[in-house]
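**Q** Letter by letter, the chains look like this.
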Amino acid sequence: MIDKATITIDGQKIQARYGQTILQAAREHGIHIPVLCDHPALPPEGACRICLVEIERQRTLQPACTFPVSEGLVIHTHSPKVIEARKFSLELLISDHPLDCMTCEATGNCLLQDLAYEYGVTGDRYQGEKHHYPIDTSNPFIVVDRNKCILCRRCVRACAYINGVEAISVFYRGFNAYIGFGADSTMQDSPCEFCGSCVEVCPTGALWPKMAIGKGRPYQLKSVQTVCTYCGVGCQIELQVRNNRIVNVTGVENAPVNQGFTCVKGRFGNDFVHHEDRLLKPRLRKYLLEGGKREGKGRGEWVEVDWDTALDIVARKLLETRDKFGSDSVGLLTSAKCTNEENYLMNKLARQIIGTNNIDHCARLCHSSTVAGLAISFGSGAMSNSIEDVTQQAKAFFVIGSNTTEQHPVIGMKIRQAVKQRDAILIVADPRQIPLVDFATLHLQHKPGTDIALLNGLMHIILKNGWEDKAFIEERTEGFEEFKAVVEQYPPERVSEITGVPQELLLEAAQLMGQNKPMAVIWAMGITQHTTGVYNVFSLANLQMLLGNMGIPGGGVNPLRGQNNVQGACDMGGLPNVYPAYQPVTSEEAAHKFAQAWGAPMSTKIGMTVTEMIPAAKEGKIKALYIMAEDPMMSDPDTNHVRECLEACEFVVLQDIFYTETAPYADVLLPGVSFAEKTGTFTNTERRIQLVRQALQPLGEAQPDWQILCEVANRLLATSSSTSGRTIDLQAPYARWDYRHPKDIMDEINALAPSYAGVRYERLERGETFQWPVKDEHHPGTPILHVGKFARGLGKFAAVDHIPPAELPDTEYPMVLSTGRVLYHWHGGELSRRAQGLLEIYPKPLVEINPEDAQRLGLNGHRRVRVTSRRGSIEAEAWITDRVLPGMVYANFHFPEASANVLTHAALDPIAKIPEYKVCAVKVEAVE
Amino acid sequence: MSETLEEQTFDLIPLLAILEEYKNQKGAIIPILQRTQEIYGYLPKPVLKEISKRLRIPISRIQGVATFYAQFHLKRRGRHLIRVCDGTACHVKGAMKTVDVIHEQLQTPPNGSSPDYKYSLEIVYCLGSCGLAPVVVVDDKVYGQTEPDKLVRQLKRLE
Ligand code: SF4
Ligand code: SF4
Ligand code: SF4
Ligand code: FES
Ligand code: FES
Chain U
130 MIDKATITID GQKIQARYGQ TILQAAREHG IHIPVLCDHP ALPPEGACRI
180 CLVEIERQRT LQPACTFPVS EGLVIHTHSP KVIEARKFSL ELLISDHPLD
230 CMTCEATGNC LLQDLAYEYG VTGDRYQGEK HHYPIDTSNP FIVVDRNKCI
280 LCRRCVRACA YINGVEAISV FYRGFNAYIG FGADSTMQDS PCEFCGSCVE
330 VCPTGALWPK MAIGKGRPYQ LKSVQTVCTY CGVGCQIELQ VRNNRIVNVT
380 GVENAPVNQG FTCVKGRFGN DFVHHEDRLL KPRLRKYLLE GGKREGKGRG
430 EWVEVDWDTA LDIVARKLLE TRDKFGSDSV GLLTSAKCTN EENYLMNKLA
480 RQIIGTNNID HCARLCHSST VAGLAISFGS GAMSNSIEDV TQQAKAFFVI
530 GSNTTEQHPV IGMKIRQAVK QRDAILIVAD PRQIPLVDFA TLHLQHKPGT
580 DIALLNGLMH IILKNGWEDK AFIEERTEGF EEFKAVVEQY PPERVSEITG
630 VPQELLLEAA QLMGQNKPMA VIWAMGITQH TTGVYNVFSL ANLQMLLGNM
680 GIPGGGVNPL RGQNNVQGAC DMGGLPNVYP AYQPVTSEEA AHKFAQAWGA
730 PMSTKIGMTV TEMIPAAKEG KIKALYIMAE DPMMSDPDTN HVRECLEACE
780 FVVLQDIFYT ETAPYADVLL PGVSFAEKTG TFTNTERRIQ LVRQALQPLG
830 EAQPDWQILC EVANRLLATS SSTSGRTIDL QAPYARWDYR HPKDIMDEIN
880 ALAPSYAGVR YERLERGETF QWPVKDEHHP GTPILHVGKF ARGLGKFAAV
930 DHIPPAELPD TEYPMVLSTG RVLYHWHGGE LSRRAQGLLE IYPKPLVEIN
980 PEDAQRLGLN GHRRVRVTSR RGSIEAEAWI TDRVLPGMVY ANFHFPEASA
1030 NVLTHAALDP IAKIPEYKVC AVKVEAVE
Chain S
-12 MSETLEEQTF DLIPLLAILE EYKNQKGAII PILQRTQEIY GYLPKPVLKE
38 ISKRLRIPIS RIQGVATFYA QFHLKRRGRH LIRVCDGTAC HVKGAMKTVD
88 VIHEQLQTPP NGSSPDYKYS LEIVYCLGSC GLAPVVVVDD KVYGQTEPDK
138 LVRQLKRLE
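Line order of the protein sequences matches chains U and S.
For the first sequence, position 136 matches number 265 in this note's numbering, and the numbering has no gaps at all.
For the second sequence, position 27 matches number 14 in this note's numbering, and the numbering has no gaps at all.
A hint or two may mislead.
Sample of chain U residues lacking proximity to chain S, with all beta carbon distances greater than 10 Å (derived) [claimed, not checked]:
#1 I264
#2 R302
#3 A312
Quick list of in silico lysine-lysine cross-link-like pairs, BS3-like style, CA-CA up to 27 Å [stated by the list, open to error]:
#4 K40(S) x K549(U)
#5 K40(S) x K524(U)
#6 K40(S) x K143(S)
#7 K549(U) x K62(S)
#8 K84(S) x K549(U)
#9 K646(U) x K13(S)
#10 K524(U) x K10(S)
#11 K13(S) x K549(U)
#12 K36(S) x K84(S)
#13 K259(U) x K216(U)
#14 K599(U) x K646(U)
#15 K40(S) x K576(U)
#16 K734(U) x K722(U)
#17 K925(U) x K593(U)
#18 K872(U) x K904(U)
#19 K62(S) x K259(U)
#20 K13(S) x K524(U)
#21 K549(U) x K32(S)
#22 K415(U) x K734(U)
Here are the in silico distance ranges between beta carbons for each label pair [as the list claims (entries may be wrong)]:
#23 D229(U) x Q94(S): 20 to 30 Å
#24 P96(S) x G303(U): 16 to 26 Å
#25 Q984(U) x L(-1)(S): 36 to 46 Å
#26 K10(S) x G159(U): 47 to 57 Å
These are computed hints drawn from the structure, not numbers from a lab.
Just so you know, even glycine gets a beta-carbon here, dropped at the ideal spot from N, CA and C.
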């Protein structure tokens, strides 16, 4: 087959590919053909006729954006005929367009304006009838001005082909046609998710970000490319800055993950950076200045101080605690929001200077069971595949315990696209009717806490029918027989009984899985946050080995990591059992390596997890806590207990950007900075390391977290050597803390963390992006893990049985509570509640409850409910919805006034020590 | 995000029968809307939303189709549809006079319905019977060379 066609454009011969349009071929060769309705990320539309070209031997002019190339075409892009035709189209468009470019937001950023300029079209040739549409300002994010719309349908296509919800369409026709939302409602009342993809592609000022209005012209703004700070998807965004303020955010077009598009948080949720709650000066409790002691529970008054005072006191207290009570009396919480460099430093501070492995962070609370489980099954705890291969090549998706479209929205969008555009199969297993179910082939609505039974049941059917990959099992795995013996105990009748999923659905699901390979498994907190979290993960690993879906594109185990840099925080040794790059602290060899590098003796004792450290504070085993950008009062289970523990802790340093819910329990507050005010790297869920670039000068006196850590460490080192405590040999190669730039920290990481060996700033700055392991400076990174061989050699089947959740409903607490998040908020809400638009659109906590239960409880319409567990009670508004099963309620932990974590309990998975956020017993009452 | 509640409720049972019939047919929006309009007389918003929900077709796509074709009606219509031609020939012969008289005497505004939903009035452009101008079509019956008062008397006699 010939797949090349030689065509001539404006006298230049070029090689085009069959299947391309003239426009695509021209673009590839840098030949400019003007367009309006065409956009490279969207399918062609052929609506505006601006791209008309003259093709020899064609009677009429043809649109380059839809005309396919073929051998021998001779094309003229700027012949007089063409120019006349373009002018005519532009005249017509402008005849129904307001000519208010002087005040239009889009000036300087409007394709119509550019073309009018290029073709000398002034708009006085035709005086057509003009529309006068009201402007839709219903929602907090996007202003819709239909008077400026040229009906190019880019927005319609973006919503359909990028987002997938299809909130926009063209209503009516001819002169009456306009862009409409939903059932011809406002944008606010339509199914729109405010991802802003339509804004990104709109060529005029018809769709405009509200927050940018009146904030400056494009040429007055500085743009800086960086990485979104919300979730682990790792979208690249461009911050537009004026006078040290972020005034607008757009997507980065050639970003490997998001190709220019984002979700609502990444685009419209960054004003938290400038929120008035920002801490701009260090603060201390007064008693510390007076050299006194803290009395009782309270900590007394705050005083603002200068950095030296604050840092001196922090160093002195940490040192005192270490030398008096031993290294293990200090606990450090590092941060999945901070950069790799900062996490590395926190790990170094703990292990080198304090001498403890008591370091952990909120990964404990989200994916510690994934990391532990996959490490045992395969030898590496990370997502095995890439977003790209999974979303483009999986024939089937099995999404279990992941509300992808709300929690990892850009991946959710890509799954929707796979279903819509290439008929990929989507099986969703979730106790809730999550939004993704609307796109699913099958929904298995199993009872919370029955994942193992469900998975064993599916694998039972797969084995019964011989759909397993025998060769893969034979060559690449071990432990199959024991596993099989257990799975045999899970026939459909029994599984249906335990899970509540009808037998036919189980059969259908197993068949789809058995017959559609590769299948990618995707999960998140619905799998991990159980007392059986690690076992759940084993079961998923079993499933993928059974089907032979490991080590191939479109398959794999794909845990979606929560925070922007939770992967990196784990990689950098922000865990109590490993050094950077997962070198075990119990290994003599690793201890020796780091002792040599850092010039200090290393502890080989595994440290405490966050879920152990906090209670240990109450028991008096932890005397001092250093918390960097974490908010245990919001994120940890059983808030009331956390409060008591923090109250009891003798000395708490909190380094954060806001006065968070945890701040009242701190003795010192050190103002760190947001992602926009510093440089560093984040590692996303697919192990991709990306550069975070500083866009703003730190606000107030706040300082980048890495600098604060250096200040603390250097003070400790200076005093250390003079007291009896630990001795640190500053001549050791990496003992010192004299980094001038985050790049210097990365140099040290390159040397000590083998999977980051080739992660060089020079490469990142050149625009290279790669996924670890990156073995050396020339290594391209590793998009797919376990190809041909598992990291641990053979994959290990684990035989696991169904174990019921730790707390089941009973007569007193008859309902099951499950917890999680919503699209418009993030984690404990520290950032998203301070982003104006996000708060406006989802302003208060809602408790989801099934209509059946609502009726039984006598709730109708919007009513307040009180939800009570053995540990506490919250009041919130009920959202009566069949998203949840009868007998179940669902609450989020974004709002302190009714945080689900008041109710949750700290029952832990025995291996990963992750709390069971997803199941606890509650009772629900109507509040009068 | 939120949905506005529509006051009126509709009997959805006949709709469900139609949807069942077209369940496995992709791209059947037009016939579904036609059948739906036969049942309800027009396409009420809550019914469109129900179709969207049950067939998992985005509401905006359905709305787009429903507004594109002139055959679909998004507003409730009267039992009798009066179409007054205002094409060139009819216009010249005073079509708008007929419209005014109908509006006044039958309380039926152009592109609207009488309060009791007995009549709906539409203005159309050339019905192809210019020889008979001014032309009015009531339901399927053509009235040529109409005189407004006589027409109104005839309309009042309808059920
Ligand atoms: S913001 Fe996103 S979801 Fe909303 S209309 Fe635009 S593209 Fe569609
Ligand atoms: S709103 Fe913008 S993108 Fe959408 S049709 Fe109008 S001009 Fe095009
Ligand atoms: S999907 Fe995640 S990383 Fe991407 S824009 Fe949204 S919150 Fe940011
Ligand atoms: S760009 Fe080709 S028709 Fe619009
Ligand atoms: S103008 Fe009325 S029928 Fe032609």
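**Q** Against this structure, judge whether each hint is valid.
**A** These are the hints, each one checked on the structure:
1. I264: With a cut-off of 10 Å, I264(U) remains clear of chain S, as the shortest Cβ separation is near 19 Å.
2. R302: Not fine: 5 Å to the nearest Cβ puts R302(U) too close to chain S.
3. A312: Given that some Cβ of chain S is not farther than 10 Å from that of A312(U), nearest at about 5 Å, it is violated.
4. K40(S) x K549(U): Distance ~16 Å between K40(S) and K549(U) Cα, so the pair holds.
5. K40(S) x K524(U): 26 Å, holds
6. K40(S) x K143(S): 41 Å, violated
7. K549(U) x K62(S): 32 Å, violated
8. K84(S) x K549(U): Distance of about 53 Å is beyond 27 Å: violated.
9. K646(U) x K13(S): 25 Å, holds
10. K524(U) x K10(S): 24 Å, holds
11. K13(S) x K549(U): 12 Å, holds
12. K36(S) x K84(S): Measuring from Cα to Cα gives roughly 39 Å; hence the hint is violated.
13. K259(U) x K216(U): 19 Å, holds
14. K599(U) x K646(U): 14 Å, holds
15. K40(S) x K576(U): 24 Å, holds
16. K734(U) x K722(U): 16 Å, holds
17. K925(U) x K593(U): 21 Å, holds
18. K872(U) x K904(U): 18 Å, holds
19. K62(S) x K259(U): Between K62(S) and K259(U) the Cα gap is close to 26 Å, so the pair holds against 27 Å.
20. K13(S) x K524(U): 21 Å, holds
21. K549(U) x K32(S): 25 Å, holds
22. K415(U) x K734(U): Answer violated: K415(U) to K734(U) is near 37 Å, above 27 Å.
23. D229(U) x Q94(S): 20 to 30 Å: With Cβ atoms ~42 Å apart, the hint is violated.
24. P96(S) x G303(U): 16 to 26 Å: 23 Å, holds
25. Q984(U) x L(-1)(S): 36 to 46 Å: 20 Å, violated
26. K10(S) x G159(U): 47 to 57 Å: The hinted range 47 to 57 Å holds for K10(S) and G159(U), with Cβ atoms some 50 Å apart.
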